[in-house]
Amino acid sequence: ETKPVELQESFQSTSTSKYLESRFLLWNNIGAITCYSEQIQISFHDVSYHHSITIDNKTDKYSIGDLSLSAIILASSQTGKCLCILYQSWDSNMREWTINTENNDKIELVSLCEDFIAIGTSQRLIRLMSLSGIQQRIIRLQGPIVSMSSYQNQLWIIHHSTQGLPKEQAMSYVLLNIENDHYQTGSLPLIPKTKLIWMGFSDSGKCFYLEKSGHLSMLRHTKGNELEPLLISNLKQEAEKNNLGSYWLLGINDFNGKFQLRVIELRGQSFPDLVPWPLVSIISLPLALYQIDTEKSQLESDYLKIKLFNNSTDDEEFSNNERQCLIKMFASSCKSNREYRAFEICQLMDSIALQLAVRYATKSGKISLAQKITDELIEQKKDQEQEEKLIQRASSPPPARPPTSIPSSKSSSSSSISIVSSAFEEIKQTRPKVITPTGPFSNPFRKKVITIPENETSTTDELSKWKPSVNKSRLPASNKTTTITTATIQSDINVETITENEDNSLNTKRKIDESENNDEEIGKNKRNKLQQFACNR
Amino acid sequence: ETKPVELQESFQSTSTSKYLESRFLLWNNIGAITCYSEQIQISFHDVSYHHSITIDNKTDKYSIGDLSLSAIILASSQTGKCLCILYQSWDSNMREWTINTENNDKIELVSLCEDFIAIGTSQRLIRLMSLSGIQQRIIRLQGPIVSMSSYQNQLWIIHHSTQGLPKEQAMSYVLLNIENDHYQTGSLPLIPKTKLIWMGFSDSGKCFYLEKSGHLSMLRHTKGNELEPLLISNLKQEAEKNNLGSYWLLGINDFNGKFQLRVIELRGQSFPDLVPWPLVSIISLPLALYQIDTEKSQLESDYLKIKLFNNSTDDEEFSNNERQCLIKMFASSCKSNREYRAFEICQLMDSIALQLAVRYATKSGKISLAQKITDELIEQKKDQEQEEKLIQRASSPPPARPPTSIPSSKSSSSSSISIVSSAFEEIKQTRPKVITPTGPFSNPFRKKVITIPENETSTTDELSKWKPSVNKSRLPASNKTTTITTATIQSDINVETITENEDNSLNTKRKIDESENNDEEIGKNKRNKLQQFACNR
Amino acid sequence: ETKPVELQESFQSTSTSKYLESRFLLWNNIGAITCYSEQIQISFHDVSYHHSITIDNKTDKYSIGDLSLSAIILASSQTGKCLCILYQSWDSNMREWTINTENNDKIELVSLCEDFIAIGTSQRLIRLMSLSGIQQRIIRLQGPIVSMSSYQNQLWIIHHSTQGLPKEQAMSYVLLNIENDHYQTGSLPLIPKTKLIWMGFSDSGKCFYLEKSGHLSMLRHTKGNELEPLLISNLKQEAEKNNLGSYWLLGINDFNGKFQLRVIELRGQSFPDLVPWPLVSIISLPLALYQIDTEKSQLESDYLKIKLFNNSTDDEEFSNNERQCLIKMFASSCKSNREYRAFEICQLMDSIALQLAVRYATKSGKISLAQKITDELIEQKKDQEQEEKLIQRASSPPPARPPTSIPSSKSSSSSSISIVSSAFEEIKQTRPKVITPTGPFSNPFRKKVITIPENETSTTDELSKWKPSVNKSRLPASNKTTTITTATIQSDINVETITENEDNSLNTKRKIDESENNDEEIGKNKRNKLQQFACNR
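Protein chains in written order, with our numbering: chain D, -12 to 524; chain X, -12 to 524; chain W, -12 to 524.
Next up, chain D with everything else stripped away, as it sits in the complex (with noise of 0.2 Å):
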């Protein structure tokens, strides 16, 4: 009865059961890694890039693997066997390595950061290498590995820590930022009796992480820099409303106030099938907010997603969301005849929303509201802007959005609401990489084209030819396709079928006609039906 509870063993996100005889390793944003009998196969989603690659695996027994924009790694934790493959590398000559690893020492899991290997090892190590196979360091974990993922140059682990409460399993995570030399670490709130089912980072570089349970979590960066866990929602429970066994996990977009998962949808087996090849579907799910079905909750959920999930550059579209949410809030509040909320509401606006809940309160017959924001806000909130403005031409060259929803502390008889704002002014310091000048998504593909400097022909020969055209043809578009998230509002689940904006169409099946590229902005009408985010063969 107080025998204690049996530890997970390790796996890789997206990966299928090991006792199927026709397996995932992987599926992420760059392709997949499946795994028939005696034989390995990588497929790109975008064929184009590269051509898929089969590796024989009677011998080598390759369990586990990963697969960046440059590299495969794949490693058996039978035979201790490591093979990596870069390939895409200019030196022609020798684009395999692999290592033998000590028979003590076993692999468990390995990851592929932007400039780094990371071997995850039985005896609880973390081993880092260069891409060429350059040891660099050892860090030791506290208990097994129970997962890995890297997005970059960070690497997130979750392993093992202790025993758990009674019944329950302990977890912890190290977060390291290779480049930047962070070391960060915490535990992970689990709830009781489940286990975790995935984990990763988000499109733009946020950490989340699914129970069985279908609690979906994120770790938040403070203003502190630290890693606050929040609930996020609830797949099971979601994909119950569908009608759904579950979904299974394979990505999150969460650029632009958005929230998107991409994933598999489970009807009666536990794992995706490898035939027919499954469809990805494109879901977006509320926020696990008390009482989600009334609108109040659901504009709720809508702002939370804007304050959680914007990392968007365009200010001007940015504040056009947020002061619609915020007006729609208002409105749903003075309807319900809650002025001291609709006032609370006003504390998180603009000065431009603020007149248009002004004019709004007045027309509706709520004087003394409107005389009261009038009062309180207004003259306060355009004082504020114009110093803010003043003080960002003066010092800040990068102008940086006005922290409309962080009110100056002056006037303490006015409360100051700050609803998860702040996580978007630390991740802009502290991450700029992640804000890349493509817009919305992250495609992989593309992104390296941009950053690659002039003498990329040299070196990256096979890209040249593919990315120039869609280059010029998809960044316009990505500036003007992005009001779908409103649409949120009124449908709890909105199993998208019309992914308008192209940009997140990554995963796409994609005929590989070159004019695809040249009539994207015609086409992208005409493609209004379930996109399949898969490569079907």
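Everything labelled a hint here was simulated from the structure, so no lab data went into it.
Some hints could be false.
One copy or any two copies: either way a pair holds, since identical chains are not told apart in the list.
Claimed, not checked - In silico DSSO-like cross-links for lysine-lysine, where the CA-CA straight-line distance does not exceed 30 Å:
| # | residue 1 | residue 2 |
| --- | --- | --- |
| 1 | K228 | K93 |
| 2 | K315 | K68 |
| 3 | K223 | K350 |
| 4 | K93 | K180 |
| 5 | K353 | K93 |
| 6 | K93 | K369 |
| 7 | K228 | K68 |
| 8 | K68 | K223 |
| 9 | K199 | K48 |
| 10 | K68 | K322 |
| 11 | K199 | K154 |
| 12 | K182 | K315 |
| 13 | K154 | K350 |
| 14 | K322 | K376 |
| 15 | K93 | K5 |
| 16 | K353 | K376 |
| 17 | K182 | K93 |
| 18 | K5 | K180 |
| 19 | K45 | K376 |
| 20 | K369 | K154 |
| 21 | K199 | K45 |
| 22 | K93 | K223 |
| 23 | K322 | K369 |
| 24 | K68 | K180 |
| 25 | K154 | K182 |
| 26 | K154 | K223 |
Please build the complex by placing chains X and W on the supplied structure of chain D, with the hints as guidance.
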């Protein structure tokens, strides 16, 4: 034999057992929430601030609650209902709102910050809302919540973490600063086989917690803004010295180097009764130092209190207290022929105290000691203080007290001793809001008065009659009555029957004659008897 | 079967079993404390610093102790008595003081910082006092103390935390910087089913710990000032390679990119005996990298040591060592036709090394590699270094070494590899005191000499005869004898029978002829035999 320890249930500090027919739900600086069979009563210590409120509790079964200067919150873990009363709201139409929580996520605890409501649930979530009910964030805890407390917009949560050492609980805490967006965690050191019985913020905003074993501890903010757990005192030991069963802790006054506990003295019973309404005593405990019965340890205890609990803005007065204490320590060391120790004490002094020390040493025949102090400390200290003054004038407009306790590290021959000195410096920087101009005690009623701007009359009608007279008569008083604590040198525990400092008598029964406020300066000297810190009814 | 693991008892590092009749209580840089049946003996490695001290131990039963340059502390967990001897104090009347601790809070461990005494007790408290016994702070630990060590005014404590994974202990640490008022905590990664047998600071002030399994680990300060636990080496494995039972660790010299352990070689026995007085060996271990027997891994090990353990202020010399090592790695990669790896190695080089690399590549026919290095790295690196020099001249007066290992992130085509490089940068900033001008070894005797100001003669009479001669003769020597470590490239383990660097021979038996100091430059070359790092008597 090896079965795990039972985890203690969640509790609201100062609430009495839920198995009692009539019980306290809360007793804080502002008032008390009591629960009689089918009725909840909220009574304010200062009945002129607000008359008491009675709420029927037949159907809603509220069992937890909190009370702030602007709101009351009540919740039921049984019915899942949560009621918020904004009893000071300007929106007179709609001062109440309720929320019905989901069945599978029961409310365990509620807490009121200045601008936020925090709800702790059985799913190990902290749900943050604004006072009007806008949902803001869902924070996950590693384990079941134990207790929660708030101060301004800080929220401190203690929760079970993992399985403790055999027969022990293991707890961790989360300290949220919602306004500044900080999230700090740590493990909570506990005495073996004890349990937590109180936790909360002191009047100056420091985190304290009390175990059943009597150990009272504090989380000290270091210069690096980490939280260092310090053992402060042992309440049970001190109660036994006074032939009492125990002290029922209500609050801690730690302004101006003081360290006073507001307690209810328990003799036979485990909890304070509601009838007769309990009397509040103010006690002053020594720190838990070795050999506390000796003069040496008592002086050390006094000195440490000055260093740990000083938030004064009155530099001159503070320095005098500190100097007095150091000179006493110096004299005591000289008398016992401990010249090395006497010299170490001198290293903690400023130049004024050093000159007194030299004079004392010379008079008592310690010529070589006097010479050593003059040679090695006085000149150096003078130069240093001169420098600091110059730097202050040049750079920092708010004149900070020279950190006399942190001698310059230039001369490594005179080793520097820093006795928890930095706590003071740090707090000044990171928590500027704490230092209110009202002086030693954070009278919540008055504080609000001062910060309300000129157009207050329209919004806070109820207070307007009461405030002005209090405001004027009390403020000067607070600067004249702060020499008490040095008296604790003589008596080990000092159950202060006289509370000369009117500012502390917040909870005192107030005969509601308006003249009291004007006659305060005189009345203060008359009321030399045990003041009843309660509202008899 | 499910019974919890037994928690190991507290121990002082380098002390031998308390069940031995005669045992070591301590062996550190300054001397050793030995306990014979009814007598304690404190012997100094440098008998000219202080003659040995004998203390009767019939009644006091001292069983733990520590020794610093200014004080000796002894304590008994049995009698609760604690004795402090300020053997270098100017207050010649009163060099000893004792304290009797409470019965219910037994002393477990004691430690001497530069200006503080730390007492760890059975109630999980750390009581801090000044050297003269002024009580200062009582820090609480989450669990029973395991061990404690100090360096300057830093105190590092390891304690049991909660229940570990099945059959494992779970430990955490607290790292206090008393002077700067920092308090850092973290969990201590341990190998399953092992126990801690040594912990302490290296000569340069880094935290190391050793498990019975042989795993030696280090807590590395990252740039963010977090503590990252790294696996360094495996002592047991290395001992077995040398047909030894094990190494009894005494201390770690990690200056100037070196990594040398001072050990006693154990063959049959579990602990070093007191008679004959044990010989100290200096060994140099490779890091615990994969395939350490290959040239590639050995060079990587050497390079990592340079990056991990460099505290040198002598930029030129350090750069030469680093360059040499990188060039060797480059050559090795070229020979094995690993051009991609060779190029990655180049990314770690400065412009001087790069030019050597190009020359090497050209000579060995790797024309395209040479061209690629020239095109993509050399020009860029030159510009970068130029810029850095300009910035340095303009802003920072202390000329810092250009961080060649962290290439500018401008050109993302040449991915940057930072091999624990930042450790060096960070330590320079946060621990300025560590870098003493005395060069490679922190000879505690000499250090004190240098930092004592001009009026020293009055206060430190005992040292005055000894110091000046040492001071002059040794200082220049330290700059000439630091080319040893590169020799370890050839031999896997290098039990250095020759310690050319006189500065390391602190613990050496010293025939107390004063002439030794003057003949040192000559004598250094003669003593080419295993030096006995002990004080034979």
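Given a CA cutoff of 30 Å, do K322 and K376 count as a within-copy pair, a between-copy pair, both, or neither? Close neither inside one copy (35 Å) nor across copies (60 Å); limit 30 Å.
When no copy is specified for K199 and K45, does a C-alpha distance of 30 Å or less occur within a copy, between copies, both, or neither? Classified as neither: same-chain Cα gap 33 Å, cross-chain 40 Å, threshold 30 Å.
With identical chains treated as interchangeable, where does the CA-CA distance between K315 and K68 reach 30 Å or less: within a copy, between copies, both, or neither? between (58 Å within a copy, 27 Å between copies)
Intra- versus inter-subunit Cα pairing at 30 Å for K68 with K322: between (66 Å within a copy, 23 Å between copies)
Between the shortest in-copy and the shortest cross-copy C-alpha distance, which are at most 30 Å for K93 and K369: within, between, both, or neither? Neither. Shortest intra-copy (62 Å) and inter-copy (43 Å) distances fail the 30 Å Cα cut-off.
If the cutoff is 30 Å on CA atoms, where do K353 and K376 land: within, between, both or neither? Let me know, please. So K353 and K376 fail the 30 Å test inside a copy (32 Å) and across (56 Å) alike.
Should K68 paired with K180 be assigned to within, between, both, or neither, using CA atoms and 30 Å as the limit? For K68 and K180, only the inter-copy Cα distance (27 Å) is at most 30 Å; the intra-copy one is 35 Å.
Check K154 against K223 for me: Cα-Cα at most 30 Å, and say if that holds within a copy, between copies, both or neither. Answer is within; shortest intra-copy Cα gap is 22 Å, inter-copy 35 Å.
Reference check for the pair K182 and K93, CA-CA at most 30 Å: within, between, both, or neither? Classified as both; 23 Å inside a copy, 22 Å across copies.
How would you label the pair K322, K369 (within, between, both, or neither) given a Cα cut-off of 30 Å? within (27 Å within a copy, 67 Å between copies)
Between K228 and K93, at a C-alpha cutoff of 30 Å, which is it: within one copy, between copies, both, or neither? Between copies only: 22 Å across chains, 42 Å inside a chain, cut-off 30 Å.
If the cutoff is 30 Å on CA atoms, where do K93 and K180 land: within, between, both or neither? Let me know, please. both (28 Å within a copy, 18 Å between copies)
In this structure, the earlier hints numbered 3, 5, 6, 12, 13, 14, 16, 19, 20 and 21 are contradicted, and the remaining ones agree with it.
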